[in-house]
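S.K.: Below, each chain spelled out in residue letters.
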Amino acid sequence: MKFRLGLGSVVVTLLLSAAGPPALAQNAADTAVEAAKKFSGTTLNLLWQAGLQANDPLVFSGPLFEELTGVKINVVEVPLTEMFSKILIEHRARTGSFDVMPATPAWLPDLIEAGALEPLDDFVDQFGYREEFADIAPVYRVMGEYKGQIYAFQDDGDVLINYYRKDLFADESNKSEFKAKFGYDLAPPTTWEQFSQISQFFTEKFAPDLYGSARINAPGLVHYVFQERFRNDGGKFFDADAMKAQINDDVGVATLQAMIDEHRFMPPGVEAWGPIEVLSAWMAGDLAMMGWWPPPGRWSAGYGTEVEALAWLPKSTVAGKVGYALPPGGAPELAAGFVLGVSSSSKNKELAYLFIQWMNSKDISLQRTMLPFALRDPFRTSHFRSDEYKALWPAAPEYLETLEAAANAGLADLSIRSTAAYEDALTRAISAAFGGTGVKEALDTAAGEWDALTKQIGLETQKSSYLEWASKSNAYPR
Amino acid sequence: MAHIRISSLHKYYDSVHAVRGIDLDIRDGEFTVLVGPSGCGKSTMLRAIAGLENIDSGTIEIDDEVVNNLAPGDRDVAMVFQNYALYPYMNVFDNIAFGLRARKFPAREITARVQAAAETLDIVELLKRLPRQLSGGQRQRVAIGRAIVRDARLFLFDEPLSNLDAQLREGMRVEIKQLHQRLGKTMIYVTHDQIEAMTLADRIVLLKDGSIEQEGAPLDLFERPVSRFVAGFLGSPSMNFLPAKLVENGTYLGLRFADDVTLALPAAASQRLASRVGQDVTFGVRTEHITPARDGELDDGFVDLLVTIDLTQPTGSRTYASFKLAGVAVQAELRAHDVEQPGEQIKLQIDMNRAIVIDPSTELVI
Amino acid sequence: MSVPRATAAVSEQWVGGPFGDSRFKYFLIAPALFIMLSIALFPLINLLVVSFQGISIIAENKSFHGILNYQRLAGDSRMWKSLLHTVGLLLVALPIELIFGMAMALLFVDKMRGRQIFVALLVLPMVIAPIVAGATWRLMFDNQFGPINQIIGWFAGRDVTIVWLADSSFVWPAILATEVWHSTPFMFIILLAGLAGVDRSQIESAQIDGASAARIFFKIILPAIRPVLAVAILIRALDLFRIFDIIWALTRGGPGTVTETISTFTFVKAFEQFDTSFAAAVAITVVLILTAVTIYALRRIEIAR
Ligand SMILES: Nc1ncnc2c1ncn2[C@@H]1O[C@H](COP(=O)(O)OP(=O)(O)OP(=O)(O)O)[C@@H](O)[C@H]1O
Ligand SMILES: [Mg+2]
Numbered sequence: 000m001k002f003r004l005g006l007g008s009v010v011v012t013l014l015l016s017a018a019g020p021p022a023l024a025q026n027a028a029d030t031a032v033e034a035a036k037k038f039s040g041t042t043l044n045l046l047w048q049a050g051l052q053a054n055d056p057l058v059f060s061g062p063l064f065e066e067l068t069g070v071k072i073n074v075v076e077v078p079l080t081e082m083f084s085k086i087l088i089e090h091r092a093r094t095g096s097f098d099v100m101p102a103t104p105a106w107l108p109d110l111i112e113a114g115a116l117e118p119l120d121d122f123v124d125q126f127g128y129r130e131e132f133a134d135i136a137p138v139y140r141v142m143g144e145y146k147g148q149i150y151a152f153q154d155d156g157d158v159l160i161n162y163y164r165k166d167l168f169a170d171e172s173n174k175s176e177f178k179a180k181f182g183y184d185l186a187p188p189t190t191w192e193q194f195s196q197i198s199q200f201f202t203e204k205f206a207p208d209l210y211g212s213a214r215i216n217a218p219g220l221v222h223y224v225f226q227e228r229f230r231n232d233g234g235k236f237f238d239a240d241a242m243k244a245q246i247n248d249d250v251g252v253a254t255l256q257a258m259i260d261e262h263r264f265m266p267p268g269v270e271a272w273g274p275i276e277v278l279s280a281w282m283a284g285d286l287a288m289m290g291w292w293p294p295p296g297r298w299s300a301g302y303g304t305e306v307e308a309l310a311w312l313p314k315s316t317v318a319g320k321v322g323y324a325l326p327p328g329g330a331p332e333l334a335a336g337f338v339l340g341v342s343s344s345s346k347n348k349e350l351a352y353l354f355i356q357w358m359n360s361k362d363i364s365l366q367r368t369m370l371p372f373a374l375r376d377p378f379r380t381s382h383f384r385s386d387e388y389k390a391l392w393p394a395a396p397e398y399l400e401t402l403e404a405a406a407n408a409g410l411a412d413l414s415i416r417s418t419a420a421y422e423d424a425l426t427r428a429i430s431a432a433f434g435g436t437g438v439k440e441a442l443d444t445a446a447g448e449w450d451a452l453t454k455q456i457g458l459e460t461q462k463s464s465y466l467e468w469a470s471k472s473n474a475y476p477r
Numbered sequence: 000m001a002h003i004r005i006s007s008l009h010k011y012y013d014s015v016h017a018v019r020g021i022d023l024d025i026r027d028g029e030f031t032v033l034v035g036p037s038g039c040g041k042s043t044m045l046r047a048i049a050g051l052e053n054i055d056s057g058t059i060e061i062d063d064e065v066v067n068n069l070a071p072g073d074r075d076v077a078m079v080f081q082n083y084a085l086y087p088y089m090n091v092f093d094n095i096a097f098g099l100r101a102r103k104f105p106a107r108e109i110t111a112r113v114q115a116a117a118e119t120l121d122i123v124e125l126l127k128r129l130p131r132q133l134s135g136g137q138r139q140r141v142a143i144g145r146a147i148v149r150d151a152r153l154f155l156f157d158e159p160l161s162n163l164d165a166q167l168r169e170g171m172r173v174e175i176k177q178l179h180q181r182l183g184k185t186m187i188y189v190t191h192d193q194i195e196a197m198t199l200a201d202r203i204v205l206l207k208d209g210s211i212e213q214e215g216a217p218l219d220l221f222e223r224p225v226s227r228f229v230a231g232f233l234g235s236p237s238m239n240f241l242p243a244k245l246v247e248n249g250t251y252l253g254l255r256f257a258d259d260v261t262l263a264l265p266a267a268a269s270q271r272l273a274s275r276v277g278q279d280v281t282f283g284v285r286t287e288h289i290t291p292a293r294d295g296e297l298d299d300g301f302v303d304l305l306v307t308i309d310l311t312q313p314t315g316s317r318t319y320a321s322f323k324l325a326g327v328a329v330q331a332e333l334r335a336h337d338v339e340q341p342g343e344q345i346k347l348q349i350d351m352n353r354a355i356v357i358d359p360s361t362e363l364v365i
Numbered sequence: 000m001s002v003p004r005a006t007a008a009v010s011e012q013w014v015g016g017p018f019g020d021s022r023f024k025y026f027l028i029a030p031a032l033f034i035m036l037s038i039a040l041f042p043l044i045n046l047l048v049v050s051f052q053g054i055s056i057i058a059e060n061k062s063f064h065g066i067l068n069y070q071r072l073a074g075d076s077r078m079w080k081s082l083l084h085t086v087g088l089l090l091v092a093l094p095i096e097l098i099f100g101m102a103m104a105l106l107f108v109d110k111m112r113g114r115q116i117f118v119a120l121l122v123l124p125m126v127i128a129p130i131v132a133g134a135t136w137r138l139m140f141d142n143q144f145g146p147i148n149q150i151i152g153w154f155a156g157r158d159v160t161i162v163w164l165a166d167s168s169f170v171w172p173a174i175l176a177t178e179v180w181h182s183t184p185f186m187f188i189i190l191l192a193g194l195a196g197v198d199r200s201q202i203e204s205a206q207i208d209g210a211s212a213a214r215i216f217f218k219i220i221l222p223a224i225r226p227v228l229a230v231a232i233l234i235r236a237l238d239l240f241r242i243f244d245i246i247w248a249l250t251r252g253g254p255g256t257v258t259e260t261i262s263t264f265t266f267v268k269a270f271e272q273f274d275t276s277f278a279a280a281v282a283i284t285v286v287l288i289l290t291a292v293t294i295y296a297l298r299r300i301e302i303a304r
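For the protein sequence lines, the chains are A, B and C, in the order given.
Under numbering that gives the first Met the number 0, residues 0 to 477 are what the first sequence spells out, in order.
Under numbering that gives the first Met the number 0, residues 0 to 365 are what the second sequence spells out, in order.
Under numbering that gives the first Met the number 0, residues 0 to 304 are what the third sequence spells out, in order.
To be clear, the hints were calculated from the coordinates, so they are not data collected in a lab.
Note that the structure is predicted; figures quoted are calculated from it, not measured.
You may find that some hints are simply not true.
Claimed, not checked - Some chain C residues flagged as far from chain A (calculated, every beta-carbon gap over 12 angstroms):
(1) L36
(2) F51
(3) A58
(4) V86
(5) K110
(6) A119
(7) V170
(8) I188
(9) V230
(10) P254
(11) G255
(12) T284
Stated by the list, open to error - BS3-like cross-link-like pairs, simulated, lysine-lysine; straight-line CA separation at most 27 angstroms:
(13) A/K243 x A/K462
(14) A/K439 x C/K61
(15) C/K24 x A/K462
(16) A/K454 x C/K110
Claimed, not checked - In silico contact screen, one side only, chain C against chain B (beta carbon under 10 angstroms); selected entries:
(17) R71
(18) R199
(19) S211
(20) I215
(21) I219
Beta carbons: idealized from backbone N, C-alpha and C, even for Gly.
Please construct the entire structure, taking both the sequences and the accompanying hints into account.
M.R.: This is how it looks when you write it as structure tokens:
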């Protein structure tokens, strides 16, 4: 608590002094603040992901907004795994117990169809947000749109990029040995075959001191990896006419088989690794490559890791040695990634909207994505090009460049009705195959479950939902 | 048939020294009763003999074989427990047959033996019943049946009658005695009831605080107790004890009490105690030796005394009457109508031949 | 003669419980009974109603759907598999816990030095919440840092990297170990209490009769503790049937659905996938199965009569 207050006030003062005299042409943040002032004294309830993420509204944006508008921000922390349930249950009971809610794009079809989210177009016009809204990178911008309306603003640039060790890739002996063995130059992989061979090369040469790569295999997350690779290799989740699941086709089987085969070149036990294990190994310098969300780009460089909230993080031994690349295939998964919306049962929708506009605005969102501890990553074109951000550590320009490229090529998570059930079936197939079940058999089971789910949800309902999702540019590689 | 030899047996329960160096020989076929106040170590001894309790030192021999390290089942003994320890989920037949089955007797012989034991104990019609469907006396018989059916060489009884009412107890006492006569087995019987001990025993072993106070034939102990403890323990009502001083009294010695009453001691006692004249002693005499004085000359060694009766306790056949001698309450045994009312005066005679004199410092009879 | 009369009056009173035949007792317990029944039954009735509706993530459809959910359930192989896993775990874990608990109880029923401390230590796992036990064992089974692989490694003489919780051939033993570790103390403590109540002299009598330890155990001790044993088995069987926390903490039912039990399945359906009415139908089915089994078991052990 001490840390939070201390750090918060520091940031607040910094920001207030940086703001200087009020600008003439009002930006979206100022507009929101001005309009919110009439609500001074009221309290806005925020549902937020428990953990590091909550430091953003608790320490930074909440206190700042209160200082600017007199509106009190009350943060209700809920673990990620329970957020969706909580939102839907509270909505069905019409409790109105929170006004602002974050969501992942995969939940949106269900939440929107259930009427849990307020359409935002009118507010956007009323408070002059169109222009700054358009600054959100296109793949992210469309995430919160559903059937032609805006329901939420993308608020986080989550994408799985490939980190690699520049020092190892540049090492002359590595380069020549690799070339001798595989017949091409050692460089960040552009195909999964290359990825596997590079993994093999480093593992065979350095294990157990260093392994070629590791993967986030934890249930609930590993399906993102599959989704990305399956689509990069030409897979389609459904055939758009009959809505038959196709994850068990040749592409699916090959994808999953390749994932399993790569385990040979990863640290022992990687089958059970979650994000923390992968990250720890990376920070300790035990991996030549890893796929992860954006934060390790900052942490590897040592940026901001001294704050107490990140004390759990292993000290980076790889600062200055980290290169950033798009993953093989070139179309990275925009895995999870939060959007911000307004609860339809809020008693204070206008204020709730103003708060998210302010949070999401160019100015404030840049500050938020630069917070070391809040796990919000760049998602606006202006973020990617920000001189302020580029100055944070030496390789930051490269990092932002990679994130921008990733954003432009990124693939949205499958987001249809009851997505969680589909993800769950897929996850179980993957972990079953990791655990020894045949790949084809596991995927057949999952595909069967997908078809059953589709039938149960209603073929037409699900089809329209799928087509809505698939019609967006970020559904399949372009 | 078995003879038992126990030598310097010690048993501790943590800090409690329950049995303190007991030496005891029990002859073949003898009915030995271990008796003594509660907590004196009777059960412990019995259980040690059965093998249910480890001993800390000493030896227990049965038929010249040291059995210290033999499991209970290998000692060929049978035991009847105070609470009968019947197996509640087996009927009477199975209860009695349990030991035979455990020892893998053939089925036919089991049936025959159980039948015979049941006939002996007159419980044939109970064989199909469960223990909880039996009266206390019937359970007792089943417990005994379970012991005798195996024809063990040694029988152990731990207060087997204490849960029965007075009348049943008397009947069972007789039966156990008959059983002993019929079977001729060595039996060790624990009780704290001195009447049981007296009536059943060939030999009484009187324990106190884990040691043998006195052993011998019942009447031996009754008539020639070695200590105040033995004298007081056996006999009902209990022996009267009075503080007195040993004094010269004419030819012989006498006992002078606090109120200067002096009772003359007979010749034999006087001789024995001559060296102790002037010492403080305790005088002990049983109620049945204080009786109404007969008219005429007193018998040799008898003294007489005129007393006022404070309290009477008629039992029907006789009446126990209390009076004060030197301020101490003393009981006499009168015939039914010798005294009708408390406060009456009566002349009593005391059989000083049967009285004992105790050294109060050692509590031993002198 | 007032004393005997008073005694007689008291003993008469106790004939039909403290209030005798009086209607008053029904009057007294009626409110409590009513509250208890409504608290117990209301959720069940609600569950039953929901199980005939069509509430899911797609719609809050409260109209009557007939036995649709039950039909779906009958054809849902994942649910039957999870039921099979549950019963399988029960059939394996329960005897192990019973045997271990019994062995420990037999060991500690006799007085010995340090008995109290040992018993207290052995009972310790029981006071740990199952979810915590699961989380703790998750660390124990960690393939990198977990002591279990290290210990096996010492014996094997080389590095062991069994991925206990992600490998279908090791995951059940891991769950079993955790469950047995966590629940054996319950068996132990109940059986210890049961054994302490066995009449020692019956055992001694049997010893003198020359009965072997096995015969004494099966013929004397076992019948004596049968009611206690039956209750312990019943309680543990119901617990095992509902097992959730340990599995959730260890594997969440994975890899795949290899370790899914009926409770984790229902939880996933109800709270992760919002298949509310379907989950209600599963829950009702489980309630029916358990009620039937419990009634049968209670009849057998003659407690409910
Ligand atoms: N299991 C035990 N643990 C500790 N002390 C014991 C135990 N059994 C007996 N004792 C102690 O040993 C002494 C002898 O006990 P024992 O049972 O032999 O007495 P007893 O003569 O049979 O008495 P009673 O007539 O009351 O049955 C007593 O002081 C008793 O408290
Ligand atoms: Mg005793």
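S.K.: Take the hints in turn and mark each one as holding or not.
M.R.: The hints, checked one at a time:
Listed as outside the interface, C/L36 is consistent with that label: its C-beta sits roughly 26 angstroms from the nearest C-beta of chain A, beyond the 12 angstroms cut-off. At roughly 16 angstroms from the closest C-beta of chain A, the C-beta of C/F51 stays outside 12 angstroms, upholding its exclusion from the interface. Distance check for C/A58 against chain A: the nearest CB is about 8 angstroms away, which does not clear 12 angstroms, and the non-interface claim fails. Every CB of chain A is more than 12 angstroms from the CB of C/V86 (nearest about 21 angstroms), matching its label as outside the interface.
Even its closest Cβ contact with chain A, about 47 angstroms, leaves C/K110 beyond 12 angstroms, as expected for a residue assigned away from the interface. The Cβ of C/A119 sits about 35 angstroms from the closest Cβ of chain A, beyond the 12 angstroms cut-off, so the non-interface label holds. Residue-level check failed: C/V170 sits 7 angstroms from the nearest beta carbon of chain A, not beyond 12 angstroms. For C/I188, the condition that its CB be more than 12 angstroms from all CB atoms of chain A holds, with the nearest at approximately 34 angstroms.
No Cβ of chain A approaches the Cβ of C/V230 within 12 angstroms, the least distance being about 36 angstroms, so the stated non-interface status holds. Its closest Cβ contact with chain A, about 3 angstroms, brings C/P254 to no more than 12 angstroms, contrary to its assignment away from the interface. A beta-carbon of chain A comes within 12 angstroms of the beta-carbon of C/G255; the shortest separation is about 2 angstroms. Once the 12 angstroms rule is applied to beta carbons, C/T284 is consistent with being away from chain A; the minimum gap is 18 angstroms.
Between A/K243 and A/K462, the direct Cα distance comes to roughly 10 angstroms. Compliance with the 27 angstroms bound is thereby established for this hinted pair. Between A/K439 and C/K61 the alpha-carbon distance is near 39 angstroms, which puts this suggested pair outside the 27 angstroms criterion. At roughly 64 angstroms between alpha-carbon atoms, C/K24 and A/K462 are farther apart than 27 angstroms, so this suggested pair is violated. Restraint check for A/K454 and C/K110: not satisfied, since their Cα atoms lie roughly 65 angstroms apart, outside the 27 angstroms limit.
Annotation: interface hint on C/R71 violated; nearest CB of chain B at approximately 49 angstroms, more than 10 angstroms. Taking 10 angstroms as the C-beta contact cut-off toward chain B, the hint placing C/R199 at the interface holds, the least distance being around 9 angstroms. With a cut of 10 angstroms, the hint placing C/S211 at the interface with chain B holds, because the nearest CB-to-CB distance is about 7 angstroms. Because the smallest distance between the Cβ of C/I215 and any Cβ of chain B comes to about 9 angstroms, under 10 angstroms, the interface hint for this residue holds.
Using the Cβ-Cβ criterion of 10 angstroms, the hint placing C/I219 at the interface with chain B is satisfied: the shortest such distance is roughly 6 angstroms.
Hint compliance for this structure: hints 3, 7, 10, 11, 14, 15, 16, 17 are broken, all remaining hints hold.
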